[in-house]
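Here the protein sequences line up with chains A and B, keeping their order.
If you read the first sequence in our numbering, its first letter stands for residue 150, the second for the next number, and so on.
If you read the second sequence in our numbering, its first letter stands for residue 434, the second for the next number, and so on.
The hints are simulated quantities; they were obtained by calculation from the structure and are not laboratory data.
It cannot be assumed that every hint is accurate.
[To be verified] Facing chain A, a subset of chain B residues (Cβ under 10 Å, in silico): (1) Leu493; (2) Arg497; (3) Leu528; (4) Met529; (5) Arg535; (6) Glu536; (7) Val541; (8) Gly543; (9) Phe544; (10) Ala584; (11) Gly587.
[Claimed, not checked] No farther apart than 30 Å at their CA atoms in a straight line, the calculated lysine-lysine pairs in the BS3-like style are these: (12) A:Lys339 with B:Lys515; (13) A:Lys229 with A:Lys168; (14) A:Lys168 with B:Lys515; (15) A:Lys281 with A:Lys339; (16) B:Lys515 with A:Lys229.
[To be verified] Some chain B residues flagged as far from chain A (calculated, every beta-carbon gap over 12 Å): (17) Glu531; (18) Ala542; (19) Asp638.
Glycine is no exception: its CB is placed at the ideal position from the N, C-alpha and C atoms.
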Amino acid sequence: MNGTLALALAEVRRLGRNKRYSIFSVALPVVLYLVVAPQARHISAYGVGYAAYYMIAMASIGAFSGALTGNAQRISQERKDGWVRQLRLTSLPANAYVLAKVIASMVTTVPSVVIVLALGRFYGGVHLATWKWLAIAGIIWLGALTFAALAVAIGYRFAPDTVQPVAMLVYFAMSILGGLWFALAGWMQKIGQALPTYQITRIGTGLISGGTVSMTSIGIILGWLAAFTMLAVLAVRSTAETL
Amino acid sequence: MSSGLMAADGTPIVAFEDVRKVYGGVRAVDGLSVELRRGETVALLGPNGAGKSTSLDMLLALRRPTSGRIRMFGSDPYHAVKSGRVGAMLQSGGLMPEVTVRELVTLVAGFHPRPLPVDQTLRRAGIAGLAGRRVDKLSGGQTQRVRFALAIVGESDLIVLDEPTTAMDVETRQAFWANMNAEVAGGRTLLFATHYLEEADQAADRILVINQGRLLADGTPAQIKARAGAKRISFRLDHLDPADLARLPALVHLEIRHDLVQIQSTDSDRTLYALLDAGHRPREIEVFSLGLEQAFLAITAADNNHTAAPARTAYAHAGEAT
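Produce the complete structure using the sequences and hints provided.
Here it is in C-alpha cells:
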C-alpha cells in the first residue's frame, strides 16, 4: 500500500505541474463563476439563488473536467507509451496504477472544490451553516469518485487517438444534460434527472434550500458509481494481456 | 538471499517447459524448453519476429503462455517478479513523463523490497548528469539508460534486458556493457535479447539461438559456431546433381548457383574427401572459417529453408544470398 500511495503522490505532483489540467479543473470554473454569478443576481434556479446554484455547478464541473482531462487521456497515453507495462515489472500490486490514478484524482479535486466554494461564500454571498458546507463538499467529492471511475474506463477502453473525442463527447453530454452549464427545465431536465451530474447539483441545491438530502438522488449517483466501476474493471481486465 | 544460495548448486532459477504462445493463429513461441542457472550471462539471439520479446514478456508475467509452464525462483513468474528478484528492461517499457530523472528513479526504487541508493543507481546507469532533467525531454539513448536504471534500482538476482542497446551509439554501447559486466560480476544472472551478433559473442557465455519461436541452438559462442558449420567450402563443378551434394557428410547448408557450389560444414575435411571419393573433380576449391554472424545466419537460414522445403538446399538465382 505504501508503494501505491507513493505512486499516487507522484501523480498528484505531476498533475500540479500540468497547465492543461489546472486550466480545466481550476481556472475554467473560477473564471466562469466570476463572470456569470454577478450577471444573474436576480434569477433563481432549483429553488435557490443563482450564485448558490452556480457555485455547486462550477465546483462539480471542476471535479468532472479534472477527472476526464487529467485521467482518461493520460491513462490511454501511458498505456501506449508502456509506462503501465514498466510498472508491472515492479513489486507494486497489479492494481496499484489504477488505484493511484483514482486517489490522485480525488486529491487534486480538493483545491478546485474548495476555491469555488470559497468564491461562493465571499464573492457570491452564499451563507450556509458549517455542516451544509461540509455536506456539499462531500457530495461533490462523491461525484469526483464517480467521474474518476469513468475516466479509468475510458482511458483503458480507447487508444490515445480516439480517447480525446470520446472524452469530450461524454464530458459535454454529461455536463450540459446534467445542468452544470445552466439550470435545466422541460425535456432536458427529464433526461438530465438520470445523470449523476444533475443529481449532485440537486443534492447541493436541496441542502441549501431545505436542508434535506434526497435518498433517490444519492441512489442514482451510487448506481452510476457502481456502473462506471464495473466498466472500469471490465476495461482493465480486457487489456490484461497487452496492458 | 538464502534461496539464492540454494540455487547456486545448479538448480535452475528459470525454466521454460514446452512453452507455446499463439496469437490469432501465429505461433510466436513454439515449444520452447530451456533452463537458466545462477550466474550465467545468456544471450537470446534471433532475427526480428523470432519470438524473443514474446518469450521475455511471458517470463516477466506480462503475457500468459498458451500452453506449457514457466518457473522462476521456484514460483510462477508473477510472484517471482513481485518478490523483487527480477529487474527488467523492456523494449516497450515507457517512463512516467513530467517528472525528473531523479524523481522517477527514487519513486521506482521505493517500490523495490531491497532498494539500492539512488545516487549509486544513477551513477551505474551513467545518468548522474541527467538527474535534474525532465524524463520527457531526453534523447532516445538517454531514455534507454533511464530504463536501464529502473532495471537495477534494487538488489535483484536476475536481470532481464530486451534489446538493451538499440538507439545507442557504439561508444555508449561499450560503456553500457562495461557497466553491465560490473552488475553481474557478483553472481547475478543476466538474460538479454539481441539481434547484434557481436554483442552476444562478446557479452554472453551462453547463447540461445531462436527462430520462428523455436530454440535452434544452445551453447557457448564457440559451440554455436561449430554447430552452424564453422567452415565454408566453395568450388565450381560441372554437371552437378544437387541431391547428390546434399547427401555429403557434415553438411549444414548447401547453396548452388550455376556451377558454383557453396557448402557450410561442421567438418570441411570430411565433406571434401567424400566429394572427391565420389569421383568428383571440383575446380577453384576454397575453404574458409565463419564468424558468429555467418554461423547465426546459416542456422536461421537453414531453419527457414527447412520449414519451406524438406531439403536443406537453397538455389540462389541472383546475388550471393546466404
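Quiz item: Any hints this thing doesn't respect? Which numbers, in order?
Solution: 5, 12, 14, 17 and 18
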